[in-house]
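For chain A, the structure is supplied; the task is to place chain B on it using the hints.
2 protein chains.
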Amino acid sequence: MSILVVGSVAFDSVKTPFGEAKEILGGSASYFSISASFFGPVSLVAVVGKDFPQEHLDLFQKFSVDTRGLQKVAGKTFRWAGEYGFALNEAKTLDTQLNVFESFKPEIPAGYRNCQYVFLGNIDPVLQRQVLAQVSKPKFVACDTMNYWISSKPEELKRTLAQVDILIINDGEARMMTGQPNVTKAARTICSWGPKILVVKKGEYGVAMYTGGSIFGAPAFPLEEVFDPTGAGDTFAGGFVGYLAKIGRLDDETLRKAVIYGSVMASFNVEDFSLNRMIRLKHSEIHERYRQFKELTHFEVDQSL
Amino acid sequence: MSILVVGSVAFDSVKTPFGEAKEILGGSASYFSISASFFGPVSLVAVVGKDFPQEHLDLFQKFSVDTRGLQKVAGKTFRWAGEYGFALNEAKTLDTQLNVFESFKPEIPAGYRNCQYVFLGNIDPVLQRQVLAQVSKPKFVACDTMNYWISSKPEELKRTLAQVDILIINDGEARMMTGQPNVTKAARTICSWGPKILVVKKGEYGVAMYTGGSIFGAPAFPLEEVFDPTGAGDTFAGGFVGYLAKIGRLDDETLRKAVIYGSVMASFNVEDFSLNRMIRLKHSEIHERYRQFKELTHFEVDQSL
Chain A
1 MSILVVGSVA FDSVKTPFGE AKEILGGSAS YFSISASFFG PVSLVAVVGK
51 DFPQEHLDLF QKFSVDTRGL QKVAGKTFRW AGEYGFALNE AKTLDTQLNV
101 FESFKPEIPA GYRNCQYVFL GNIDPVLQRQ VLAQVSKPKF VACDTMNYWI
151 SSKPEELKRT LAQVDILIIN DGEARMMTGQ PNVTKAARTI CSWGPKILVV
201 KKGEYGVAMY TGGSIFGAPA FPLEEVFDPT GAGDTFAGGF VGYLAKIGRL
251 DDETLRKAVI YGSVMASFNV EDFSLNRMIR LKHSEIHERY RQFKELTHFE
301 VDQSL
Chain B
1 MSILVVGSVA FDSVKTPFGE AKEILGGSAS YFSISASFFG PVSLVAVVGK
51 DFPQEHLDLF QKFSVDTRGL QKVAGKTFRW AGEYGFALNE AKTLDTQLNV
101 FESFKPEIPA GYRNCQYVFL GNIDPVLQRQ VLAQVSKPKF VACDTMNYWI
151 SSKPEELKRT LAQVDILIIN DGEARMMTGQ PNVTKAARTI CSWGPKILVV
201 KKGEYGVAMY TGGSIFGAPA FPLEEVFDPT GAGDTFAGGF VGYLAKIGRL
251 DDETLRKAVI YGSVMASFNV EDFSLNRMIR LKHSEIHERY RQFKELTHFE
301 VDQSL
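Respectively, the protein sequence lines represent chains A and B. Our numbering numbers the first residue of the first sequence as 1 and each following residue consecutively. Our numbering numbers the first residue of the second sequence as 1 and each following residue consecutively.
Since the hints were made in silico from the structure, they are not lab data. Treat the hints loosely; a few may be bogus.
Note that identical chains are pooled: a pair holds if it fits in a single copy or bridges any two copies.
Cross-link-like lysine-lysine pairs, in silico, DSS-like; alpha carbons within 30 Å at most [said to hold, decoys possible]:
id, residue 1, residue 2
1, K185, K294
2, K50, K185
3, K294, K22
4, K294, K246
5, K196, K294
6, K105, K76
7, K185, K22
8, K158, K294
Just chain A, with the same shape it has in the complex (with noise of 0.2 Å):
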């Protein structure tokens, strides 16, 4: 069963250390829905203006995400500047020009309502809810968020949270959302708003989900080269949410893979700029790099002591 996902499609002009791209295909439902097409179909709902060109149009098309929910109105497409140090470990945003995403109204189109699989990419929680009103009754609910929302509408965001199953962050949206410098504990509190597993996503030092009984650490793949962070989070949530989609459990052991193929999926993201590394992605690199995290995080148990 398809994926629906909302979010953004953007330009994006980023600058790195290792180089520069100007309006690159970028967004969180760009990135989310070409990583979730690897493990399923995706159907995509976005905005973008009459300035974005077929060909992205026809990548989407060739991922066989269906972009029957992608509009297209009068004005220009989103678009995002930012530049990373020799760190990579944040983006300065150097220009936010959110043209058509501005007044983004997601419409949820006939053919899609019955996706039995949901997420809400970061948008307004006000927005999010729209979104869930327009579905039928989805088997679970994805959801991410950012700074801005947490600081300007917490209170639409727990009414969101309430109706979300799960719930993918980073670590510093986490402390930020509960005022709880241990994540251990903003994950407890973070629970009893509602979504049933929290991913708390880490950046360059791997990833932690809480589910009611259990918790599961997992580092990054240790990278030599990364050359662009940007869209890493969104490519994790796609291969998190897309394994999730085709196994249709929410088991322990079906969500604790599902953060590895997330991880994998993130991994090869960040070695090239916008989708390029994803666009040449081939299923036997994915199955290798599951195993080589299995490789990287495994031990034995001991009695010795």
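Same frame as chain A, but now just chain B:
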């Protein structure tokens, strides 16, 4: 066979958001030796002043730490005062009084010279080499250092590293030593200077270990209550080196288990001030937390994609 440890024994005054303690037992060699003592005998080399109380000597003795190498000289014991903010991730040093530590010359008692395992705590790299000159062919030498020596004595440090098998540092130090923000790349450079094995500690984010052909990554144990992080790194080193010495081999399986034992010991140490938690720690608790680490990190292989 006993582990020889050379480092500092100090009085710490520590303030955290949860409490304050004055002139409590601290120092790299104290944390290392009590932690390592859970795995086998330890021989301590350090210096204290005339103000060092019998009570602390009794503690070392209780944990079978040989203190024949603990020099007691005229003057006052090394004192450090620090404060942690709400996030507990970095100590702000309020005061450092080197006192007798300033003129510390490690003298290895005759009875220690055949120790097969050596841990060089964070002291002047010139002194670290003087220690090695006094011992007869150990099976392995592990070593720590800090930003102060990396910036003030980089060439002396490299000369020491050429004689070291295992280097245990944090990720900031790995970056600083190499001028390389990518830790995986930095690891390759550092290993070219001598150490066959590099352990990179990342505080609340866990540990990465680089050996010739393999990388091991482990998250930190997720604690809801971190009381005082002082000494966590040396306690990790104590568990890590302690387990390696117990087994007497440096194969990949043993090294990975050692990282987990180090992480287990550090996770206990941060639960209370000074060595308070270590003093009441039971072997059964170490076993149980090792088992919990296995649960925390386990995921199944997957062929379903």
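To see whether the hints hold, each was checked on the structure:
Taking the shortest Cα distances, K185 and K294 sit within 30 Å of each other both inside one copy (28 Å) and across copies (21 Å). For a Cα distance limit of 30 Å, the shortest separation of K50 from K185 qualifies neither inside one copy, at 46 Å, nor across copies, at 44 Å. Taking the shortest Cα distances, K294 and K22 never come within 30 Å of each other, neither inside one copy (37 Å) nor across copies (45 Å). When the C-alpha separation of K294 and K246 is checked against a cutoff of 30 Å, the pair qualifies both within a copy, at 21 Å, and between copies, at 27 Å.
In this assembly of identical chains, the alpha carbons of K196 and K294 lie at most 30 Å apart whether taken from the same copy (26 Å) or from different copies (23 Å). Only within a single protomer do K105 and K76 lie at most 30 Å apart by alpha-carbon distance; the minimum there is 16 Å, versus 71 Å between protomers. Taking the closest pair of Cα atoms, K185 and K22 come within 30 Å of each other only across two copies (28 Å); inside a single copy the shortest separation is 41 Å, beyond that limit. In this assembly of identical chains, the alpha carbons of K158 and K294 never lie at most 30 Å apart, being 36 Å within a copy and 34 Å across copies at closest.
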